[in-house]
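Q: Chains as they are written, first to last, in the numbering used here: chain Y, 1 to 485; chain P, 1 to 48.
No lab work stands behind these hints: they were computed from the structure.
Any given hint might turn out to be false.
[Claimed, not checked] Now the stretches of chain Y that chain P is said to cover, found in silico as 3 or more residues with beta-carbon under 8 Å:
no. : stretch
1   : 37 to 48
2   : 403 to 414
3   : 424 to 432
4   : 451 to 458
Each residue gets a CB set at the ideal place from its N, CA and C atoms; glycine is no exception.
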Amino acid sequence: MARVVVLGAGISGHTAALHLRRRLAKEHEVVVVTPNSKWNWIPSNIWVGVGNMRTDQVTFPLAPVYRRKGIVFHQALATELHPEGSPDLAAPHVTVRYTDPRREGEVAQLTYDYLINATGPKLNFAATPGLGPDANTVSVCTPQHAVHASEELAKVIATLRQGVRQRLVVGVGHGTCTCEGAAFEYAFNVEHELRTAGVRDLAEVVYLTNEYELGDFGVGGMVFHQGGEETTSKYWTESLFRERDVRAIVQAHVEKVEPGVIHYEQLDGSRNTLTFDFAMLLPPFRGVDLTAFDAQGRDITSEMFAPNGFMKVDANYASPVYEDWSAADWPSTYESPRYPNVFGVGIAFAPPHQISTPRTSPNGTLITPAPPRTGMPSGVMGKTVALTIVDRITTGTATAARRASMADMGAACVASAGTGLRRGTAASMTMYPVVPDYARFPGSGRSDKDTFGEIGLAGHWTKYMLHVLFMYKAMARPGWHLIPE
Amino acid sequence: MDHANDDIARALMPSAHTLRERQNLLFQFWRFLALNLRFVTMIFKGEH
Ligand SMILES: Cc1cc2nc3c(=O)[nH]c(=O)nc-3n(C[C@H](O)[C@H](O)[C@H](O)COP(=O)(O)OP(=O)(O)OC[C@H]3O[C@@H](n4cnc5c(N)ncnc54)[C@H](O)[C@@H]3O)c2cc1C
Chain Y
1 MARVVVLGAG ISGHTAALHL RRRLAKEHEV VVVTPNSKWN WIPSNIWVGV
51 GNMRTDQVTF PLAPVYRRKG IVFHQALATE LHPEGSPDLA APHVTVRYTD
101 PRREGEVAQL TYDYLINATG PKLNFAATPG LGPDANTVSV CTPQHAVHAS
151 EELAKVIATL RQGVRQRLVV GVGHGTCTCE GAAFEYAFNV EHELRTAGVR
201 DLAEVVYLTN EYELGDFGVG GMVFHQGGEE TTSKYWTESL FRERDVRAIV
251 QAHVEKVEPG VIHYEQLDGS RNTLTFDFAM LLPPFRGVDL TAFDAQGRDI
301 TSEMFAPNGF MKVDANYASP VYEDWSAADW PSTYESPRYP NVFGVGIAFA
351 PPHQISTPRT SPNGTLITPA PPRTGMPSGV MGKTVALTIV DRITTGTATA
401 ARRASMADMG AACVASAGTG LRRGTAASMT MYPVVPDYAR FPGSGRSDKD
451 TFGEIGLAGH WTKYMLHVLF MYKAMARPGW HLIPE
Chain P
1 MDHANDDIAR ALMPSAHTLR ERQNLLFQFW RFLALNLRFV TMIFKGEH
């Protein structure tokens with residue numbers, strides 16, 4: 001009997017757990033440890049954040065699904081990894097602290113044969129003083145944050161209805177943030193809501209970002225080929241900003257947020273302020289606070305994890321200089337170099353470097369998006385690692401790991417720009433590969449044929465369809481595994 | 001300071017025809033199929 005413990009039931013961890021359970025014989029145990037009782041389709045939080053969806057439409061309770069599937073569920077937070085065991089317990093194990101109301105605060109140790117760290121990001125609001133829903137800005141990272149954002153947006157719309165001008169700022173709250181696509185999406189959904197409410201003329205919408213230029217999206221921008229012409233995601237995005245009359249501030253690192261005022265530095269070293277009536281700024285991400293210990297109880301956190309808290313896997317972390325970076329630096333098996341039975345997937349793995357060109361202001365502030373690890377690659381990583389583990393358990397040997405590098409993986413991104421079955425719209429993009437490979441694709445680093453952008457109602461239908469399909473898949477309804485990651 | 005808003009001001013403005021096309025149900029149904037075909041191709045490219 002083997003036991004596989006999955007930490008985190010987000011997109012990557014839940015995908016891994018379902019595939020493990022489907023492929024492994026019943027004698028093997030699949031265990032999920034996650035602090036929340038509900039699964040959340042995070043991309044649709046954008047719609048909750050403008051009041052177009054309820055939280056129960058983007059979440060469902062995990063316990064009944066895991067019960068039905070035969071997955072052991074611990075509603076708890078993993079706190080420590082002991083991959084060599086400890087003086088008290090010889091087998092590799094994790095220490096968890098329960099968040100389950102029936103066992104709140106209780107601490108336990110769970111032994112494992114294989115461990116998947118799929119703990120995603122820590123929402124690091126603390127990196128920017130005054131940032132976050134407990135301070136001066138709103139967020140759409142969790143369903144609760146999104147509900148709060150929609151309430152604040154409703155207040156601003158009510159003020160606009162009284163004829164008072166308002167400034168709404170949407171973007172990222174630190175120079176090293178990722179997920180610019182989500183901020184972009186929320187900005188255009190807000191703009192759409194303002195128009196629908198008939199108050200657009202009194203509202204100024206500003207997109208505030210750490211991207212060097214619009215259309216970067218943390219992937220260094222894209223070159224699109226359409227209608228026999230070459231264009232870039234920069235021109236394409238700027239056109240949408242012009243059409244929808246959204247202002248932009250790029251190359252910005254938010255230093256602090258005071259009530260109604262954002263203080264930010266830009267790449268040229270200038271320090272500026274922007275007043276606001278409503279601000280949704282995404283936080284920077286870091287790894288969740290896991291610590292690791294060897295058999296003697298020595299702290300090996302800095303050996304297993306990068307300084308940003310993300311877990312080191314089979315990437316090449318030894319190329320500090322941009323000029324030396326290559327697609328081959330990116331991991332493909334997600335195995336810990338120290339412990340081949342420990343894997344890090346989704347946002348939890350430490351990327352070897354940015355995808356966008358790194359840039360620093362004259363004051364030494366890094367203002368460059370961190371690499372996005374979006375839903376599709378996260379799901380693919382979860383499945384890939386699950387299959388590696390299944391291979392090893394079923395053959396009883398250390399078979400070669402399956403591979404899925406972001407330098408050999410495409411991504412489809414549908415950024416909603418307003419809802420409505422007839423009036424909705426979205427900016428749909430595909431890119432292949434996510435990490436540019438200049439050796440395979442000289443020029444832009446990506447395949448001309450497969451890198452593409454399009455705006456229109458069809459994108460909205462697709463985004464809604466993905467919502468329905470991924471909720472269905474995550475609920476493990478009949479045929480779930482036929483829906484790709 | 002940056003030049004984002006100057007660049008936006010110079011960006012191509014979609015024509016009335018393009019804007020109509022982006023919301024036209026028939027045309028968008030066709031784009032929906034094309035878009036999803038692209039996505040499926042993308043998925044299989046990454047599978048080994
Ligand atoms: C607002 C927003 C919109 C987005 N929109 C899109 C989109 O349209 N398309 C797209 O592809 N991607 C989108 N993304 C990105 C997408 O959500 C992520 O790529 C994806 O969620 C990453 O999956 P993950 O499994 O790594 O992390 P998550 O999905 O965040 O899951 C991590 C899980 O680990 C749990 N956890 C945390 N700490 C611990 C611990 N100590 N022990 C155990 N469990 C722990 C968390 O509670 C969570 O359940 C969006 C992100 C945001 C914030």
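Q: If a hint holds in the structure, say so; if it does not, say that too.
A: Against the structure, the hints:
1. 37 to 48: Violated - the stretch 37 to 48 of chain Y has 0 residues with a Cβ nearer than 8 Å to chain P, which falls short of three.
2. 403 to 414: holds (count 7)
3. 424 to 432: holds (count 4)
4. 451 to 458: Result for this restraint: holds, n = 6.
The structure fails to meet hint 1 from the earlier list, while all remaining hints are met.
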